[in-house]
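All chains, please: the whole structure from these sequences, using the hints.
Protein sequence lines correspond, in order, to chains A, B and C. For what it's worth, the working numbering labels the leading residue of the first sequence as 16, then goes sequentially. For what it's worth, the working numbering labels the leading residue of the second sequence as 259, then goes sequentially. For what it's worth, the working numbering labels the leading residue of the third sequence as 610, then goes sequentially.
Quick caveat, the hints were computed from the structure, so don't treat them as lab data. Be careful, since some hints might not be right.
Claimed, not checked - The list that follows gives simulated cross-link-like pairs (lysine to aspartate or glutamate, EDC-like), each with its CA atoms no further than 20 Å apart:
no.	chain 1	residue 1	chain 2	residue 2
1	A	Lys42	C	Asp784
2	B	Lys349	C	Asp687
3	A	Lys68	B	Asp434
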Amino acid sequence: MTFSRRDLFIGGAGIAAGIAFTPVPWKLLGDVSIWTQNWPWIPQPSRGPVESKRSVCTLCAAGCGIRVRMAAGWPVGISGVATNPITKGALCPLAFAAQQLNFHPQRLRAVRHRGRTASWNDAQAAFQKACQDGPLLIVDSRPGRAASSILQAFAATHSGDYRVLLGQDSQALAPYAAWNGVATSALGYDLENARTIVSFGVSLLDGWGTPGRFTRLWSEKAAGRSDPELRLMQIEPSLSRTAARAWRWTAIRPGSDAALAAGLAHVLIEEHLVNPHQLVPPQTSLIDAVAQTGLSAETIRALAHTMVQRRPVVALACGSDPTIAALNVVLGAVGTSGGVVLRSNSRVLEIPVEPSTKGYSAVLLDDTIPWGFDPQPNAEVFRFAAWDGGGNQGDWLLPAPGFLEALTDVPAAPALNAETYSIAQNLLPQPEQVKTPVQFLAQIDSTLPPVEKAIQARCQEIFHAKRGVVFGEQVVAVANFESTAKLEEQLRNGAVWVGEPRHPAPWKCALQQWPSATSPWHSADWSAAWDPVVLPPLATKLYQESDLREAPARSNT
Amino acid sequence: MSARYGMVIDLDRCTGCGACMVACAAENNVPPAHSRATARTGITPMLVRRLSNGTPGADAREAFIPITCMQCGHETPCVSVCPQQAVEVDKATGIVLQMPQRCLGCRYCMTACPYHARYFNWWDPQWPPGMEQTLNPGVSVRMRGVVEKCNLCHARYHAATEKAAGAGETQIDPLDYVPACVEACPTVAILFGDLADPSDPVSIAADSPDCFRLLAQIGTDPKIHYKTTQDWIRALADRNSLRSHSPEAQHV
Amino acid sequence: MRRNGLVFLVGFSIALIAGWAVFPRVLYVSRQQPLDFFHKTHAEKSGLTTCDSCHVLGSDGQFTGIPRNDICTACHTDKLGTSPSEALLVDNYLKQSRQPQWLIYSQQPANVWFSHAIHTKRAGLSCAACHGNYGESDQRKIYQQNRITGYSRDIWGHSISRLRRLPGDGMKMTDCENCHRRRHVEVGCLGCHQ
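Shown next, in the form of C-alpha cells:
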C-alpha cells in the first residue's frame, strides 16, 4: 500500500468534512471572538465590594465635603455632600476627577535634589545643616490647620519664622484686617444676608470661594428672575461667565475699578444716599471716574442709586485693593449683616510672607504652597509637593501625600460668614515614599505632636466651647454631644462644624483718609483660581475636547 | 409602569463651569484625551456649548447650553440606522441605550444623530499606569473603534434597582437614581426625573411655556427640555441647528 | 474508489475523534485554587448550612460573591482545626490581610451586570438554579480555564456539545436568555449589560 499525494488530499478533505461535525469550528469562532474583546491592554475596573465613604477635598482651601465611592479599596467616584450646609452638594469640576490625580504622570514619588533622585535622609541632613547656618522660614498657604500650628511651633522653637501666603480670596479681606487689627482669616462676607452684591470683577459664579456656596445662593435667589431677591451687579471690562449671568453688567475700562469705587463713594456721600462718614473720597473722584472708566457721569450716578436700592449692599474686590474696601466702609457694609463680618475671635495675626527670602538660610514650603511661588534663591528651599509642576525645580523637592492619602483638617474656607471645621479623613494608605512636612520635621524634633493629636485638641476646644452645630447625617448642636470622641468621630466621617455667626457689631474703622489705589488687579480666570499644580487628566474635556474654556495658562498640564 | 426619564435644563442657571462634563466623563470611564484629540474628535457625552447673541460691546449676551443625548422618543434616528442593533430604546425607562459591545464602528448613527451627541473612540483608551484602579466598575470600558454616548448614567439606574431589590421594593427610590451631571451641577440647572409621571417635578417644569426643545420641528420627540426666559436664546435655538463644532456655528 | 472512500473515512474519523475527545482536553487547562475548600465539610463542621451564611446579600443589594477575609475571620481568627488548607488560609492570608486570589467559576466579563438581589430576592431563584448543587459537594472542584478566552469551563458547561446539561452547568448568555424567555421577563440589552 503506497501513500500518494492523492491520499493526503482526500484524507484532508475527510478531516475538513469531519471537523464540521465537531464542536471545533463553532467553539473556536466563539472563543476567538471573546479573545478579541479581552486584549490585555484594555484596562479593567477593580472588582470588589463597593462602599461609600466621606471625606473632604483638599485640592484647595475651600475644603468641600465629598462622598467617595470606593471599589475594592480604591476611589472610583466622587460626588458632593448634599447635607453640607456650605457646599450643598456642589463641587468644582476638578473634584469629580480628583481620584485620578494620585496616578498623574507628574506625581512625585521620590525625593529630588536639583533634578536628581535623593533620599529622605539626605534631605533631612541638608535641612538640619541649613537650619544651623542661619534662620529658617516656614511658609504655609493654609493657616489654621492642625499641621499649621505644629509648623508654627517648630519655627518658634528653632529660631525660625512662620509666614503665611494667603490665597486670592483671602487677600481681598486683608485691608479690613489691617484697619481693624484682626486676622484676615477671622473675616468673611455675609453674602447670605446681602440683597445687593457689587462685584468688581470677582468671578463669583466661576471659581470664587467655596463651590456651591454662592452658586446655590444665586441659583435660589436670582437665577432667571427679572426682579431677583439677590441683585448681582458685576463690574468688569469683559463679559465673563459671572457677568453673563449677573443681574446687571457694567463694562468699564480695565484697571479703573479703584477710580470707579471712588466715584461711586463720591456720589453716595454727595447725594446723601448713605450715612455721613468721616471717610470722604477726593473731590475730583467723579470726574476721574468718568475719565478712567469710560462711563458717563449719569451712568455712574445711576449705578450708585441702584446699588443702594436694596440693602444690605456689599462690594467685593478681587485683590487687596483698599479703595473698594473703603467703598464698603462708606456703604456701611463693614461689621454689619450682609457685609464684611467678623466670624471668629481669632487674634492670631498671620504675617504674610515677603516676596524676598533674604536673610534666611533654609526655607520650608508646605505642600499647600502654589507652585508659582518662587522664593528668591538666597536660601536653600525645601519644597513639599505631591505633583511636579515642572520648570524651576528648587533645591529640594520632597514628595508629599496626594489626594486622600493623609489625615488633615480643614479650617474655615476664605470668605465664609461663619467659622467652620472639618476633618479630611485619609481614605487611602499613605504611600511609603511620601511624608507630610510635619512628619519630616518630627524626625528632627521628636517632641512635635503628630497631626492626629493636634486635631484631637482642636475637637476638644470645639467641644468645650459648646457653641455651634455639627452638620452630619443629622444636624446636632455641639452642646448635645456626649464627649470629644463622639464629636471627633462625626467630623472624621465627613460632618462639618459650623460656628455661630458673630453678632454683627460696627467696627471702629481706623481709616481716616481715602486710601490711594494699589496697582490694578485683573480678575483671575479659572486656571489661576484653582490651586492644584496639575489637573486631573479628564479636565481636558473642558478645553482640549471642547470649546468651552481656554486652556489653562500652565506649561505642565 | 414604564418610565420616560428626561431632563429640563435651565439655561438661565447654567454658568458654563463644566462640572457636568467632568463628572460625566469620570462616571462613564471616558479616557483622558489623546494628545491629538480636539473638540471634533474628543469624547464628551455631556458637552457644554457657548451661545452668544453676536452683539459686541455692552449689549453682548452670553449663555451656555449643555448638550447631551436627547433621548429621542419617536423614530429614534440612531436606533433606526444601526446595522448591529447596538442601540435600543429601553422599554422600562425610555432611555436610548447604547451597547458599545455590539457596536462595530460604522458610525452611521453619528451621521444620523441630528444633535451630534455621539462620539467615536478614535484611539485606544489609555490611562497612566495605576489609574485604571480608579475606574467606575459599573460602566464597561470601551475599546478603539466603537461609538459611545450618554446613557443617562445607566450604571446608577442599575445600582438603584439593585438597592430596591435588596430592600424588597419593586420601584426604585428616585433619590437613588441621579445622573452624574445632575448631581454635579453647582447651580442646580439640570432637573432630572420621569416625564411619564405627571407629579414628577420634571414633568411639571417641562410644561412651562419657557421650555423648548432643540430641533423640535423634526419630530424626534427629545426628552431633554431647555428652559429660559431670555428670548435671544430661543431665537438662536430656533434658527440654528448647532451643526458642527466649528466656532462659527456658535454665533448668530 | 473504495480506497479513496476509506481514506476519506479515516480522515473523517480522525477529525471526529480530535474534535470530540482531544479538543476539549486541549482547550482547557486545569488550574489550582490557592487552597482547598470543601463546602460540605465546612458546613458540617461549622453548622453554617445555608449559602447565605457566607455568601451574603447586603441590605443595599450588594452581594459579597466569594467571601472576603472579614467573613472568614469571623470564626478563623486562629486555626480551628488541623487541616493544612486552613493553616494556609490563616497563616498566609488572614493574618497577613491578604485576600486569597480565588479562581471564580462563574466569572463573567466586565460588560455583564448581574444583580443577585434581583434574582434571588425578587425573582426567588435558589442558588442551585444557576450554580448547581455545589454547596453540597465535598469533592475538589477543578478549575478548568479556557486557554483562548480565559474564562472558566463552567461558563460553557462541561459538555462540549452543551447537551444533557445539569442545572448550574453553563452560564452563557443563551442560558440567561432561555430562563428569561421561559419566565417571560423581558429586559433590554442594558438590563444585563453595562
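Evaluation of the provided hints:
1. The suggested pairing of Lys42 (chain A) with Asp784 (chain C) holds, with an alpha-carbon distance near 16 Å, which does not exceed 20 Å.
2. With a C-alpha separation of about 53 Å, the suggested pairing of Lys349 (chain B) with Asp687 (chain C) is violated against the 20 Å cut-off.
3. In summary, the hint linking Lys68 (chain A) to Asp434 (chain B) is supported, as the alpha carbons are separated by about 16 Å, within the 20 Å threshold.
Checked against the numbered hints listed earlier, the structure breaks hint 2 alone; every other hint is satisfied.
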